[in-house]
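Visitor: Could you slot chain B onto chain A? The hints should help.
2 protein chains.
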Amino acid sequence: MTYCCAIKVNDGLIFAGDTRTSAGVDDVRTYNKVHVFEFPGDRVFVLLSAGNLATTQAVIAQIRRDLDEPIVPMSLRLARYMYDAAEYVGMLSVNAQKTVSSQTQYSSVDLRTTFILGGQIQGEEPSIYMIYPEGNCIASSPETPFLQIGEHKYGKPILDRVIKPEVSLEDAARCALVSIDSTMRSNISVGPPIDLAVVPKDALQVTHKLRLDIDTPLFARIRDAWGRQLAASFRNLPKFDWEAPPVQGNLLDDEAPAA
Amino acid sequence: MTYCCAIKVNDGLIFAGDTRTSAGVDDVRTYNKVHVFEFPGDRVFVLLSAGNLATTQAVIAQIRRDLDEPIVPMSLRLARYMYDAAEYVGMLSVNAQKTVSSQTQYSSVDLRTTFILGGQIQGEEPSIYMIYPEGNCIASSPETPFLQIGEHKYGKPILDRVIKPEVSLEDAARCALVSIDSTMRSNISVGPPIDLAVVPKDALQVTHKLRLDIDTPLFARIRDAWGRQLAASFRNLPKFDWEAPPVQGNLLDDEAPAA
Numbered sequence: 018m019t020y021c022c023a024i025k026v027n028d029g030l031i032f033a034g035d036t037r038t039s040a041g042v043d044d045v046r047t048y049n050k051v052h053v054f055e056f057p058g059d060r061v062f063v064l065l066s067a068g069n070l071a072t073t074q075a076v077i078a079q080i081r082r083d084l085d086e087p088i089v090p091m092s093l094r095l096a097r098y099m100y101d102a103a104e105y106v107g108m109l110s111v112n113a114q115k116t117v118s119s120q121t122q123y124s125s126v127d128l129r130t131t132f133i134l135g136g137q138i139q140g141e142e143p144s145i146y147m148i149y150p151e152g153n154c155i156a157s158s159p160e161t162p163f164l165q166i167g168e169h170k171y172g173k174p175i176l177d178r179v180i181k182p183e184v185s186l187e188d189a190a191r192c193a194l195v196s197i198d199s200t201m202r203s204n205i206s207v208g209p210p211i212d213l214a215v216v217p218k219d220a221l222q223v224t225h226k227l228r229l230d231i232d233t234p235l236f237a238r239i240r241d242a243w244g245r246q247l248a249a250s251f252r253n254l255p256k257f258d259w260e261a262p263p264v265q266g267n268l269l270d271d272e273a274p275a276a
Numbered sequence: 018m019t020y021c022c023a024i025k026v027n028d029g030l031i032f033a034g035d036t037r038t039s040a041g042v043d044d045v046r047t048y049n050k051v052h053v054f055e056f057p058g059d060r061v062f063v064l065l066s067a068g069n070l071a072t073t074q075a076v077i078a079q080i081r082r083d084l085d086e087p088i089v090p091m092s093l094r095l096a097r098y099m100y101d102a103a104e105y106v107g108m109l110s111v112n113a114q115k116t117v118s119s120q121t122q123y124s125s126v127d128l129r130t131t132f133i134l135g136g137q138i139q140g141e142e143p144s145i146y147m148i149y150p151e152g153n154c155i156a157s158s159p160e161t162p163f164l165q166i167g168e169h170k171y172g173k174p175i176l177d178r179v180i181k182p183e184v185s186l187e188d189a190a191r192c193a194l195v196s197i198d199s200t201m202r203s204n205i206s207v208g209p210p211i212d213l214a215v216v217p218k219d220a221l222q223v224t225h226k227l228r229l230d231i232d233t234p235l236f237a238r239i240r241d242a243w244g245r246q247l248a249a250s251f252r253n254l255p256k257f258d259w260e261a262p263p264v265q266g267n268l269l270d271d272e273a274p275a276a
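So the protein sequences, as listed, match chains A and B. So for the first sequence, the numbering used here puts the first residue at 18; every next one is plus one. So for the second sequence, the numbering used here puts the first residue at 18; every next one is plus one.
Excised from the complex, chain A in its bound form (with noise of 0.2 Å):
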C-alpha cells in the first residue's frame, strides 16, 4: 500500500508521501514515491504514484526517456498547461499497462496505478492532477485544495479541517506529515521514511525536499508536539452538563455553560 498526498495553497504546493512498498506482508521495500522533474526557471513537476510499481517505473522511464530524445511528440518539457502534462502522463500509464497485459493475458496481476501530477508552468497557475489508471484525469478543486492517492481515508479528517487556501505553506507541509503519520499508525502497509517536496508559487522549483524518518529530529518533535497538543485540546473542549465546572485556567473559561 501506499499514501500520498499532494496539496495546493495560494502560496504553492506541497507533496508527500510515504516510502513503503509492498506484494504482501513478506515482501516489504522502499521505495520513492516523490519524482521530481525541474527545469529551474520554466516549469517544474512533482509525480507522486500508488499502484502497481512495475507501472510506475515504466511511466518514470518512458518520461525521461521523451526528455531526453531531441524530437518527440510530447514531453514534460513540450506540454503547453498542466493539464497536457498530466493526459500525457495519463496515455504513458495506458501503454505501460497495455503493453503488459498483452503478454500476460492469463494474469491476474493489477497493473493499474494512480499518480498525482502537480507543478507549474511559467506563465501559468500552479496545480494539482489526479490521473487514473483508465488515463483520464481531475484537479483539486478550491473547494477541496488536496488530493490523495492509496490508503487515504485515516489521513483525510486532518486536512479537510486545516488546508484552505489562505494556509501557509509550511502548515500545509506540516498539515501533510500528520496527515501521513495518522496513516502510519492505523495501517503497517504505510511506513516511513517520508518524503515531502516543497513547490513554493513561481519559484519554478522544488526549493525543499526533505526525507523524514520517524527519529529525524524535525518530525519527531512534531509528532510529540502533535500528539500533546491534541490531548490539551480535548481537555479544552465544552463540558457536559453533569460534569465539574471548568478548572481555572481553561480556555474556554469565556464560553456560557454547556447547554
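For the record, the hints were derived by calculation from the structure and aren't laboratory data. Treat the hints loosely; a few may be bogus.
You can't tell identical chains apart in this list, so a pair holds if it fits in one copy or across any two.
[Said to hold, decoys possible] DSBU-like mimics (lysine-lysine), calculated; alpha carbons at most 30 Å apart, straight line:
1. Lys256 with Lys181
2. Lys218 with Lys181
3. Lys181 with Lys226
4. Lys218 with Lys115
5. Lys181 with Lys115
6. Lys256 with Lys115
7. Lys226 with Lys256
8. Lys256 with Lys218
9. Lys115 with Lys226
Guide: Showing chain B alone in chain A's frame:
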C-alpha cells in the same frame, strides 16, 4: 453506511453511533443504532449495529422476545459472563441471516451485520465485544481500548491518539463525538443525529443517553471549539529551519529551534 464506536476506559464505557441508514443514496433514513438493555443494579448492555438493517432488527426482536419468555435457555438476563452474552448475540445474528437466506437463496443481498456489545454484569468488569457476522467475537485490548464498526477509517486516528485507559469518561465521550464528526465530514452516508450512551463503571445502568444533532448547542460548540483548537495547534508545531523564528507567545518557545 454507518459508523459506531465503543470505548472502554478505567472509569467505564462510552458508546456512540450515527443514525443514517441508506439503501443507496436515494433511500436514506434515520435509525437508532444504539440499543440499550438495562437491568438496573444487576446488569446493563448496549448494542451497536452496522450492516443489514433487517438482520439487526431481527436480532433486537429476538433479544426482547427471549427477555419476555419465562423459560429460555439463554437471554441477556441469564448470561453469566459478558462473553456469553456476546456469543448469544452472535448466535441470534447467524440464525437471522440463515432464516432469510434459506428463503431467498437466489438473492445477492448482503445480510451480514456486525455488532458491538458492551456493558457490565454485576461482579464482572465492564467490557466491549465486537461480534462478527459469522457469530464469533473479540474483546477490546488494553492497548487498543476501543472497537469500531462500519465506516471506521476516518474516525480512527483521533481515537488512536487520544484514547488510553486512564482518559476520563467524559473526554472519551468527547473523543467519540469528534471521531464521528470527522467521519461525517468525509462520508455523507454517515450522518446526524449522533446517539451517545455513557455507562460508568459499577453504575450498572446508562447514566446519560444523548441525541445530538448538528445544531444541538453542546455538539455545535464541541465542533467549533475542536476546529479552532486544531488550527491553533498547527500554529504551534515546530518550524522548518527555513522559516522565520516563532512569534512571541508560541507555546513551544521553550524548545530548541528546529534542527
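Visitor: Now tell me, hint by hint, if it's right for this structure.
Guide: Status of the hints after comparison with the structure:
no., hint, in the structure
1, Lys256 with Lys181, "both (29 Å within a copy, 19 Å between copies)"
2, Lys218 with Lys181, "within (16 Å within a copy, 42 Å between copies)"
3, Lys181 with Lys226, "within (22 Å within a copy, 36 Å between copies)"
4, Lys218 with Lys115, "neither (36 Å within a copy, 60 Å between copies)"
5, Lys181 with Lys115, "neither (38 Å within a copy, 50 Å between copies)"
6, Lys256 with Lys115, "neither (58 Å within a copy, 45 Å between copies)"
7, Lys226 with Lys256, "between (43 Å within a copy, 15 Å between copies)"
8, Lys256 with Lys218, "between (43 Å within a copy, 20 Å between copies)"
9, Lys115 with Lys226, "neither (33 Å within a copy, 57 Å between copies)"
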